[in-house]
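S.K.: Using the sequences plus the hints, can you model the full thing?
In order, the protein sequence lines correspond to chains A and B.
This note's numbering puts the first residue of the first sequence at 125, with every later residue one more than the last.
This note's numbering puts the first residue of the second sequence at 9, with every later residue one more than the last.
Honestly, the hints are just simulated from the structure, not real lab data.
All values reported here derive from a predicted model rather than from experimental measurement.
Heads up, some of the hints might be wrong.
Taking lysine to aspartate or glutamate pairs in the DMTMM-like style, the calculated list, with each CA pair at most 20 Å apart, reads [as the list claims (entries may be wrong)]:
1. B/Lys353 <-> B/Asp393
2. A/Lys194 <-> A/Glu158
3. A/Lys195 <-> A/Glu299
4. B/Lys334 <-> B/Asp358
5. B/Lys465 <-> A/Asp156
6. A/Lys212 <-> B/Asp289
If you anchor each label on the Cβ, the simulated ranges turn out as follows [said to hold, decoys possible]:
7. B/Tyr318 <-> A/Arg210: 33 to 43 Å
8. A/Thr193 <-> B/Pro441: 25 to 35 Å
9. B/Pro446 <-> A/Arg210: 27 to 37 Å
10. B/Glu380 <-> A/Thr295: 53 to 63 Å
11. A/Arg191 <-> B/Asn282: 30 to 40 Å
12. B/Gln326 <-> A/Arg332: 51 to 61 Å
13. A/Arg262 <-> B/Pro372: 47 to 57 Å
A virtual CB, placed ideally from N, CA and C, is assigned to each residue, including glycine.
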Amino acid sequence: MRVLIVEDEPDLLGSLLQAVREDGYAADGAADGEEGLYKAESCDYDAILLDVMLPGVDGWEVLRRLRKTKKTPVLMLTARDAVRDRVKGLDTGADDYVVKPFDVDELLARLRALIRRSASEAQPRLEIGEVLIDMAARTVTLRGELVTLTAREYALLEFLALHRGKLVTRTMLYEHLFDENDNTLSNLLDVHVSNLRKKLGHEFITTRRGHGYSIDSAL
Amino acid sequence: MIFNSIRWRLQAWHSLILIVVLTGFGVTAYRVARGNQLRRIDQELQQRLMIAFRPGPPAGPHLPKGPPPEGQPPPDRPLQDRRPNDFGHEHDPSAWRQHMQEVIAHAGALEGGQTNAFYYLVWQRDGTLQASSSGAPKNVPMPAETGPAEREFGDRPGAITRTRGAFREFCICLPFGDRALVGRSMASDLAAMHRLALWLFAAGSAVLAFGTAGGWWVATRAIRPIEDISATAVKIAGGDLSQRINASDTESELGRLAGVLNSTFARLDAAFANQVRFTADASHELRTPVSVILSQAQTALSRERGPAEYRETLEACQRAAQRMRKLIESLLELARLDAGQERMKQESFDLSRVARDCVELVRPLAADRGVEIRCDLPAVECMGDSERIGQVVTNLLSNAIHFNHEKGEVRVFARSDNDTASLSVADTGVGIPPEELPHIFERFYRVDKSRSRIQGKTGLGLAICKAIVEAHSGAISVTSQTGVGTTFEVRLPAGSRLA
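M.R.: Here is the structure:
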């Protein structure tokens with residue numbers, strides 16, 4: 125999962141990027157509205173954290189322009205908790221909002237819920253064959269046994285699971301699992317896939333040679 | 009209570025005054041008409057008596073026979089003063105009385121058959137009725153010489169006018185102590201007076217009704233603007249500050265009042281909107297550093313970190329806390345200035361010396377950005393608090409350096425007029441767009457948001473400058489040309505060298 129954070133306060137942007145990355149997401153940052161809009165339009169993010177008070181193009185305007193082309197879930201960060209502002213945000217097409225100052229844990233929980241909802245998964249638990257993925261606790265069990273995964277492995281599994289039954293191309297995986305700071309070495313993805321197969325069974329992830337990977341929805 | 013309303017009170021007073029005026033008019037008109045009528049009757053009565061008892065030699069068929077007094081024309085005396093001799097009966101009461109009877113009979117005969125017929129009566133001194141004309145009523149009491157009778161013709165002693173029931177009577181003394189009376193019925197006159205009274209009452213009532221209705225209409229029209237004002241004021245009191253009174257007639261007193269109220273409401277509205285915006289801005293400005301501290305700390309604490317990461321987090325927290333401190337100090341200072349609690353010293357000082365000190369203070373900052381500061385500072389005395397003015401100048405200088413181009417220039421120059429001292433700070437920066445100029449002294453107003461925040465500006469600096477200068481009864485103004493530069497000018501009351 126890849127998240128864009130648009131926030132003009134550098135110290136806040138830094139800590140948000142760190143927190144989101146440590147939660148297992150790929151995360152990009154933008155320091156103003158123009159940059160945020162450019163990035164949001166040029167890449168398929170799974171969610172956007174958007175500050176309202178931005179220099180230049182403000183958050184409302186970014187959201188309004190983005191909604192013309194993309195349905196990316198947007199979580200607004202606002203310093204004003206007036207009802208009018210919330211209504212305006214939700215009316216403009218925001219999916220959720222958090223009022224500053226916020227708890228990082230709450231923000232991350234809302235972010236997870238937002239991504240889950242956008243993948244039409246209301247439930248935080250996904251059961252595929254003998255594998256159970258708890259997206260709230262970010263844990264995976266195989267036949268009742270807890271499986272230890274790295275953050276990247278978990279992100280890969282979650283992405284494939286949310287798109288189960290569909291072909292997930294390598295490009296999609298690179299776009300959603302790695303951010304602009306990562307080295308996108310092509311074999312790195314294969315390493316993560318092979319590690320997952322070792323832990324969850326070789327048949328769990330199917331390789332479509334030359335195209336990508338998928339998890340069979342019939343499992 | 010509806011009867012306490014202005015309209016009701018206006019109406020009540022109007023009607024009351026109308027009633028008093030109409031009643032006064034009616035009563036006066038009635039009395040004058042009645043008085044005139046009585047006077048006319050009285051004159052008629054007198055005339056009749058004069059004719060009947062005409063003095064002089066007997067002439068005409070109704071006069072008694074007898075020898076006219078020879079050689080001496082009858083003196084033209086008032087009737088009651090005449091002596092029997094005037095009538096030719098100087099010493100003979102019985103002949104005189106005989107003569108009287110004839111006169112009365114004759115006069116009565118002349119009146120016969122007429123409406124409002126006059127009647128005549130004569131009494132002897134002892135009260136016996138000596139003669140009465142044919143139409144005279146019975147049992148008419150002999151008038152006493154004095155008594156309760158009206159003495160309207162008081163210029164004649166012994167003459168009495170009286171109203172007896174529906175009769176009006178006039179009485180005089182005759183020779184030998186006799187009394188003569190002429191009277192007539194006033195029944196038709198009284199009926200006419202009664203009709204007049206009724207007519208006056210009816211007309212008065214009609215005028216009162218029309219007047220009251222007109223008054224109600226006028227009061228309603230006069231009150232309507234007040235009701236409009238009141239209704240609008242109620243809405244405004246209810247919280248809708250955008251309401252305005254519909255003041256179409258701006259010339260009338262109420263129109264002017266509405267105009268004054270409208271402009272007051274507009275100022276109130278603007279002040280309130282300003283206050284709301286200020287509170288929202290202040291809350292936003294305070295929330296941002298809190299968000300930084302909270303998210304930095306929570307992220308750092310979420311797992312074990314190395315010393316370098318902790319250090320980074322603490323530094324970020326420190327920056328945020330410092331920004332909050334600066335913001336809170338600025339807000340408090342503004343609040344104190346707003347409340348007029350900041351006491352400004354009133355001393356005479358050299359504005360240029362203060363400016364030079366400030367320039368020295370910001371020189372390192374200017375050097376950092378490669379900005380050159382040029383001064384033209386002749387001695388200029390002004391009145392005020394040198395420390396606070398120094399704060400203003402430092403702020404303007406720091407802005408001029410911050411918003412300047414690299415290798416730009418800042419000019420500081422002082423001037424003095426008759427009663428004002430002025431100091432200008434001009435930069436060669438990007439300038440401020442004309443549409444932004446009116447707002448730059450507003451709190452938290454930022455021309456370029458992205459730059460201000462990075463440079464740690466609170467957005468309150470110019471607002472504080474303005475408040476300080478205005479607390480000195482001075483003025484601060486700005487002129488700017490986009491791409492050329494901006495000039496701030498502070499004008500202060502000039503100080504005297506003697507002070």
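S.K.: Each of the hints needs a verdict: does it hold here or not?
M.R.: Hints versus structure:
With a C-alpha separation of about 5 Å, the suggested pair B/Lys353 and B/Asp393 falls inside the 20 Å cut-off, and the hint holds. Proposed proximity of A/Lys194 and A/Glu158 is supported: the alpha carbons are some 16 Å apart, at most 20 Å. About 17 Å separates the Cα atoms of A/Lys195 and A/Glu299, which keeps this hinted pair within 20 Å; it holds. Distance restraint check for B/Lys334 and B/Asp358: the Cα-Cα separation of roughly 29 Å exceeds the 20 Å cut-off, and the hinted pair is therefore not satisfied.
The suggested pairing of B/Lys465 with A/Asp156 holds, with an alpha-carbon distance near 18 Å, which does not exceed 20 Å. Restraint check: the Cα-Cα separation between A/Lys212 and B/Asp289 comes to about 18 Å, which is no more than 20 Å; the hinted pair holds. Distance hint check: the CB atoms of B/Tyr318 and A/Arg210 are about 36 Å apart, consistent with the given range 33 to 43 Å. Take A/Thr193 and B/Pro441: their Cβ atoms lie about 31 Å apart, and the range 25 to 35 Å holds.
Under the hint 27 to 37 Å, the C-beta atoms of B/Pro446 and A/Arg210, about 31 Å apart, fit the expected range. A hinted range of 53 to 63 Å for the beta carbons of B/Glu380 and A/Thr295 is consistent with their spacing of about 55 Å. Checked against the hint of 30 to 40 Å, the C-beta distance between A/Arg191 and B/Asn282 comes to roughly 32 Å, which is consistent with it. Between B/Gln326 and A/Arg332 the CB atoms are about 53 Å apart, so this pair conforms to the stated range of 51 to 61 Å.
Between A/Arg262 and B/Pro372, the C-beta spacing of about 51 Å keeps the proposed range 47 to 57 Å intact.
The structure does not agree with numbered hint 4 stated previously, though it agrees with all others.
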